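Undergrad: Residue numbers (the working numbering), protein chains in the order written: chain A, 1 to 222; chain B, 1 to 187.
In case anyone wonders, no lab produced these hints; they're calculated from the structure. Computed from a predicted structure; not experimentally measured. Ideal Cβ positions, reconstructed from N, Cα and C, are used throughout, including at glycine. Hints should not be assumed to be uniformly reliable.
[Stated by the list, open to error] Not the full set, but computed from the structure, chain B residues with beta-carbon under 8 Å of chain A:
1. Leu37
2. Ser38
3. Asp40
4. Ala99
5. Ile102
6. Gly135
7. Gly137
8. Arg154
9. Gly157
10. Asp163
11. Glu167
12. Gly170
13. Arg174
14. Ala181
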Amino acid sequence: MKVVFDSSALISVSQTCLINILGGLKEKMNAEFLIPQVVFNEAVQRPIEIKRFELNAIRIKKAIDQGWFRVAKVEDKTFFDEVEGLANNCFFINGNAVRLLQAGEIEALAIIREQKAEALAIDERTTRMLIENPKQLQAIMQARKNRQISIDAKKARLFGGMFQGLSVVRSVELIALAHEFGILGEELPKGPQSLEAALFAAKYSGCAVSSREINIFLHGKR
Amino acid sequence: MAKRLSSFLGKTIGAFEGGDSFGLREIANHAIEEAALSNDRQLAEIALIAYCLHKMHSKQHVVRHARWRRIRKGILLDLKKAERGLGGGRPGEFEKSIASAIRSVRSSDEMMGNYAQNLFEKARVKYASTAYSLGLGLGQAAELTGADKKELLRYIGVTKIADRDVELVGIAERLRKLKRAIAGGRQ
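Bound-form chain A, shown alone (with noise of 0.2 Å):
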């Protein structure tokens, strides 16, 4: 199977200093993990060149080198236009329409279709939202920005069907299942307290997850 990886995801493991646990994730998974350039240029090229930020480009540029990742390209710029042409003109406010997905976001979406991929991994909200209920994202724009927001429906099942069946993840489950393949805990000592603090690790680096969908998660396994 193949994996897109958005940049957030792929942060928020490095940041959690886990992102080992995607080598032998991979290697479980029999999957092929995809980067797309733009992604690579946000998370090593150019911050590999500011002090702040070269650890972190480091230790992904490892897991490059070490082949865990593959950088891929667009080839067909249709595929990039698509979907930036319906995500990008679902929503509007006064008829205007909001622009909600950028380059990095568009191109890994471009590639799961080019690829035929079977999963994401992606940490912000948005795209995520997009892919799986439009309305909820509409719903929380409205409540956030007190003003009508209004929804191309037509659009909206379009770019949903695009992605029909595509298994969205988060930094979170994918260090769920490296927990369950025994990965996790040859990086951490094995046990729950090892997984609750990497999931929460994950929520305060950025993954989108609620510290109660991190609850019921843990509930449900005790």
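Knowing the structure of chain A, use the given hints to seat chain B on it.
TA: Only chain B this time, still in chain A's reference frame:
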């Protein structure tokens, strides 16, 4: 677009001249919301400037600094020049003057501030986080204010944004779907 930009700029100048620190923050908050809705990077810059001026104005060690009056005068001059450029249909003058105001904010913070991370950079991250909370994607929010994605992600992680967004699909269910995908492709 120019009319709205001009209105926010005018309000920022008025509040800064009047020493209205609270007002500057209100303007900044309002401006970033509008900027996020319309993907207006120039308006986002006005929001960042207004926020930085608010922060500077609220710090005793800044307003009591020997050079503060001179710096304040310089920033005001730049902002007024930008306003004239905008009103006169001279976008080049507007952009140049805004860039000069940003340079002044940065250099004065370097001179008088207590932190290694510049106030302007912090403002970029803070307001990108606001844009994200309003519904923009992470990349789009970062691009709007020029924030670094990694800094933004880390900042978002310690806010309550994720706790406020109600998730309909939990960890266990996502994990189940992922395992199904591992077992046999898309379901």
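Undergrad: Indicate, hint by hint, whether the structure satisfies it.
TA: So, going through the hints one by one against the coordinates:
| no. | hint | in the structure |
| --- | --- | --- |
| 1 | Leu37 | holds (5 Å) |
| 2 | Ser38 | holds (6 Å) |
| 3 | Asp40 | violated (10 Å) |
| 4 | Ala99 | violated (22 Å) |
| 5 | Ile102 | violated (20 Å) |
| 6 | Gly135 | holds (4 Å) |
| 7 | Gly137 | holds (4 Å) |
| 8 | Arg154 | holds (6 Å) |
| 9 | Gly157 | holds (4 Å) |
| 10 | Asp163 | holds (5 Å) |
| 11 | Glu167 | holds (6 Å) |
| 12 | Gly170 | holds (5 Å) |
| 13 | Arg174 | holds (5 Å) |
| 14 | Ala181 | holds (4 Å) |
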